[in-house]
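In order, the protein sequences belong to chains A and B. Per the numbering used here, residue -18 is the first one in the first sequence, and the count goes up by one each step. Per the numbering used here, residue 117 is the first one in the second sequence, and the count goes up by one each step.
Rather than coming from a laboratory, the hints here were simulated on the basis of the structure. Careful, some of the hints might be misleading.
Unchecked claim - Quick look at which bits of chain A chain B covers, simulated, 3 or more residues with Cβ under 8 Å:
hint, region
1, 50 to 56
2, 84 to 95
3, 98 to 104
4, 130 to 141
5, 156 to 169
To be verified - So the derived list for chain A, only partly shown, Cβ under 10 Å to chain B, looks like this:
hint, residue
6, Arg4
7, Cys18
8, Thr59
9, Ser61
Stated by the list, open to error - Derived contacts from chain A toward chain B, CB cut-off under 7 Å, selection only:
hint, residue
10, Leu1
11, Val152
12, Val153
13, Val173
We put the beta carbon where it would ideally sit given N, CA and C, even for glycine.
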Amino acid sequence: MSNTHHAAAALPAEPERATLEGRNKILGFWLFLGAECVLFGTLFATFVALRNQVPEGPTASELFNLSTVALSTFILLTSSLTSVMATMAMHRHKVKPMLGWLVITVLLGLAFLGLEIYEFNEYVMEGHTFTSSAFATSFYTLVGFHGSHVAFGVLWITTLILQTLKKGLTVVTAPKFYVAGLYWHFIDVVWVFIFTVVYLMGKVG
Amino acid sequence: MSSQHEHTAAENHAHRQEGPRNHYISFALSIILTILAFAGVVYGGLDRGFVLAFIVILAIVQAVFQMVYWMHMKDRGHLYPIMFIVMGAVIAGIAVFTAVYWMWW
């Protein structure tokens, strides 16, 4: 552990930008996020086009329960705040607080996923399955894609935590935390549009 | 190399002085905007078109705020990230606009 402290003391001011590789990693990740915008944009477009195509099965306003959605929204919003706190702790070279904030982020992500699984299960019980209507298919594709992004983020940040317990915070591991933080914020930004376009608009009709 | 290092150190110093306050403000603003959007839908009686425009504008404001503060887009050296995201958002916007135009106009 004293070894880790020594390495942290020698870290430059913004460890994620200290090396060319780190800066390139961040730049490349932004290009990836631009491509993710296109991916989610086309899924949103499909959903918006098909959201009233319900020949049989429940419609959006019959189905959605806004209190569950509000709870998911606040969980994900809070996890975005804890992940920015982790990045700030990293800038101060405080490894333990950073890992603590990330553990909270992962737990909140798991809570979000648990709620989503519960919600999908309820919908299937009510006859809203993947093949029941065009609305259902585009709904599960869009919201499920977002959910799988959350699941990937949970796995990714967990493995980063384990790696840092072993190797400490260095100029090699710092860029990984920075881009994982960007990814987590991006997921939250996508969710802002999902609760607006899918759930709130579904209730409005 | 050393001058660049000084530059990042100075930049970071400014960032440190800033502290977490901006992030708390973004968080509070996000919560307020979210509550407004939910309230606009739940406590209805308003015009449908108005509510739809209202919640979409709130979502865009919240997304921009989170990207500027939490994804550090306001910091220096973010020209290319902004270009990438804006290009992605433009294509996404064209896709959504096309779907709305086809199905809902």
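How the hints compare with the structure:
no.	hint	verdict
1	50 to 56	holds (count 3)
2	84 to 95	violated (count 0)
3	98 to 104	violated (count 0)
4	130 to 141	violated (count 0)
5	156 to 169	holds (count 4)
6	Arg4	holds (9 Å)
7	Cys18	holds (3 Å)
8	Thr59	holds (8 Å)
9	Ser61	holds (6 Å)
10	Leu1	violated (11 Å)
11	Val152	violated (12 Å)
12	Val153	violated (17 Å)
13	Val173	holds (5 Å)
Comparing the model with each earlier hint shows violations of hints 2, 3, 4, 10, 11, 12; every other hint is respected.
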